[in-house]
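Protein chains: 2
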Amino acid sequence: MAIHPLWDKYPIIQKELLETQKIMNQTVKIRNKEMTEALQLFFQSGGKLLRPAYFLIFTKFGKSPSTKRQYQYAASLEVLHAATLVHDDIIDNSPVRRDQPSIQATFGKDIAVYAGDFLFTVYFQLLAASSQDVSSLERNALNMKKILIGELDQLHLKNNTKITIKQYLQHVQGKTAQLFQLSCYEGARFAGSSLRVQILAQRIGYNIGMAFQILDDVLDYSSTEETLHKPVLEDIRNGNYTLPLIYAMQENPQAFSLLETKDNLSDHDIKQLVAAISHYKGIEKAQALATRYTDKALSEINKLPDIPEKKQLIDLTKKLLHRED
Amino acid sequence: MAIHPLWDKYPIIQKELLETQKIMNQTVKIRNKEMTEALQLFFQSGGKLLRPAYFLIFTKFGKSPSTKRQYQYAASLEVLHAATLVHDDIIDNSPVRRDQPSIQATFGKDIAVYAGDFLFTVYFQLLAASSQDVSSLERNALNMKKILIGELDQLHLKNNTKITIKQYLQHVQGKTAQLFQLSCYEGARFAGSSLRVQILAQRIGYNIGMAFQILDDVLDYSSTEETLHKPVLEDIRNGNYTLPLIYAMQENPQAFSLLETKDNLSDHDIKQLVAAISHYKGIEKAQALATRYTDKALSEINKLPDIPEKKQLIDLTKKLLHRED
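Protein chains in written order, with UniProt numbering: chain R, 1 to 325; chain X, 1 to 325.
These are computed hints drawn from the structure, not numbers from a lab. Treat the hints with care, since some could be wrong.
Heads up, the list lumps identical chains together, so a pair's fine if it works in one copy or across two of them.
What the hints assert, rightly or not - As a list, the in silico DSS-like pairs of lysine-lysine whose alpha-carbon atoms are at most 27 Å apart:
{"no.": "1", "residue 1": "Lys-230", "residue 2": "Lys-109"}
{"no.": "2", "residue 1": "Lys-109", "residue 2": "Lys-146"}
{"no.": "3", "residue 1": "Lys-33", "residue 2": "Lys-146"}
{"no.": "4", "residue 1": "Lys-162", "residue 2": "Lys-33"}
{"no.": "5", "residue 1": "Lys-296", "residue 2": "Lys-68"}
{"no.": "6", "residue 1": "Lys-158", "residue 2": "Lys-109"}
{"no.": "7", "residue 1": "Lys-158", "residue 2": "Lys-33"}
{"no.": "8", "residue 1": "Lys-166", "residue 2": "Lys-33"}
{"no.": "9", "residue 1": "Lys-310", "residue 2": "Lys-9"}
{"no.": "10", "residue 1": "Lys-29", "residue 2": "Lys-166"}
{"no.": "11", "residue 1": "Lys-162", "residue 2": "Lys-29"}
So here's chain R without its partners, still in its complex pose (with noise of 0.2 Å):
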């Protein structure tokens, strides 16, 4: 099996980590071989298992007991995860995910959505045998459930050129920061820590979310093809505004009228909107306001107890934030 690089540099994380993807792997073994296979492999290409990994870190400031049931419960956020991303690759037709073929491209359409639904099951029964109240299920609902709200609300905002940053910060919450939040959260409460660090840990997930997202968003305009491994500029191209976009129409709402009067836009479209983005500073300005979540975070963390896993906290933030400052 293989895990992302970026854990070599912190073992203890890395073999829970192996012991999470194990449990995944596991539980979507079904009597169809192909989907299996599929499910396997989607969750073996090098995804970071980013809310896993901060589910774990959360559990060692509680008394961590190092049990079945925290893996399970690490596995479960990863899964949902998957689910969502197995769905919006639906929506947003794209043919890679991870260096891989999507599941929509392998299998197509329509088996994609019932592998989605199959994600939500298993999600759900990993959280079932991990929990030992209700409440958490209810936290879990709940937090789904502000997730698809994100979802249909970036549907619904779909080619609107008069977004609002306020509406786009709302969207990033339910679509990401959401489940970075509940992942911390649990993790803590899962261990059995202090309230203090229960609450601690929900506002740096919550953080965390919002810089990782409005990042991930910044990459589709700065970065390429090769470093990013997969397409570029896709989310002008699927109508999906993101900040820099957001920043930059506000400057100069003229200077992107292309998109109010072409439907399909060509790539020379793309290059010169994406000049009059960098024009108008959209990127530098979507990077600044990252920051200043980023920095809050690491302001949180370092309210936290001082055991030797907050180091290695602030280094994985840094290092994830691109903060290796």
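Mind docking chain X on chain R? Use the hints.
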């Protein structure tokens, strides 16, 4: 709010189903008004609410507390059913569901993917709110997994003229019997009925579900669009080979060679195939198998304790499965 006329004869269940429907309507309220209205319309467009109804009837065999939690549980079963229908309509490209345009026809497939996902989260939320212990959630998770495996099986068997009766029954079990079985069992268990009643409830639900789905598949061949309130002869067109066709193909595979040789069946082709199914008594044979499941369900119902609701249960089951003798 509209409720199916089937329940006019059963005023207590009817009242409880209205409570259940109220909860369903409340829990799908989100800031996306269009989606809220579409889902509420979906819930009110004359579904029979069979799964919550069987759940509620089986609570009568226990202490039957009639609390809000009971209606939340009942609602969760119907919401899960609705989630699978919304996604099924994407796969089958169905324009109509319950005399209304389907969600996918109204909003497009993209929104329908998330709308179904959203219903899964509502199901999950209602279940977490109504369950007192994690074991019910574990059973539900396993049940949902089996439903999805049934759906994947069905896709896998699409356009496969070699499909066996065993394979067909296996996917019917996953697709339909599973949820009827769970609804009956959970009702009995929720109200703290005896273990004997719980086991009977499970068997009764299973047999009702099998008979119900086989008859549903028969109706696609034997009914008209007017009485069925949905298009007929859809299964064969969609490559879903159900029991009447399977029985007939076993008699004379040659008579169905069109299915192998032609990619798009014309109306004339369909007519010819339906005539062949009729000639080889596919419909009668399928009906006979459904009758065996119905008889089994009725004989298990007879073993239940003699409370007033037992007569209702017999009456309803006969009516539902067209056995009004």
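Taking the hints in turn, this is what the structure says about them:
Both within a single protomer and between protomers do Lys-230 and Lys-109 lie at most 27 Å apart by alpha-carbon distance, with minima of 20 Å and 24 Å respectively. In this homomeric assembly, Lys-109 and Lys-146 come within 27 Å of each other (Cα to Cα) both inside a single copy, at 24 Å, and across copies, at 21 Å. In this assembly of identical chains, Lys-33 and Lys-146 lie within 27 Å of each other by CA distance solely across copies; the values are 15 Å between and 33 Å within a copy. Taking identical chains as interchangeable, the C-alpha atoms of Lys-162 and Lys-33 lie at most 27 Å apart only when they sit on different chains, with a minimum of 19 Å there against 46 Å within one chain.
For the identical chains of this complex, Lys-296 and Lys-68 are neighbours neither inside a copy (33 Å) nor across copies (42 Å), given an alpha-carbon limit of 27 Å. Taking CA atoms no more than 27 Å apart as the test, Lys-158 paired with Lys-109 passes in both settings, with 20 Å inside one copy and 15 Å between copies. In this assembly of identical chains, Lys-158 and Lys-33 lie within 27 Å of each other by CA distance solely across copies; the values are 16 Å between and 36 Å within a copy. Taking identical chains as interchangeable, the C-alpha atoms of Lys-166 and Lys-33 lie at most 27 Å apart only when they sit on different chains, with a minimum of 19 Å there against 45 Å within one chain.
With identical chains, the CA atoms of Lys-310 and Lys-9 are at most 27 Å apart within one copy only, with a shortest distance of 15 Å there and 65 Å across copies. With identical chains, the CA atoms of Lys-29 and Lys-166 are at most 27 Å apart between copies only, with a shortest distance of 21 Å across copies and 42 Å within one. In this homomeric assembly, Lys-162 and Lys-29 come within 27 Å of each other (Cα to Cα) only across copies, at 25 Å, whereas the closest approach inside a single copy is 45 Å.
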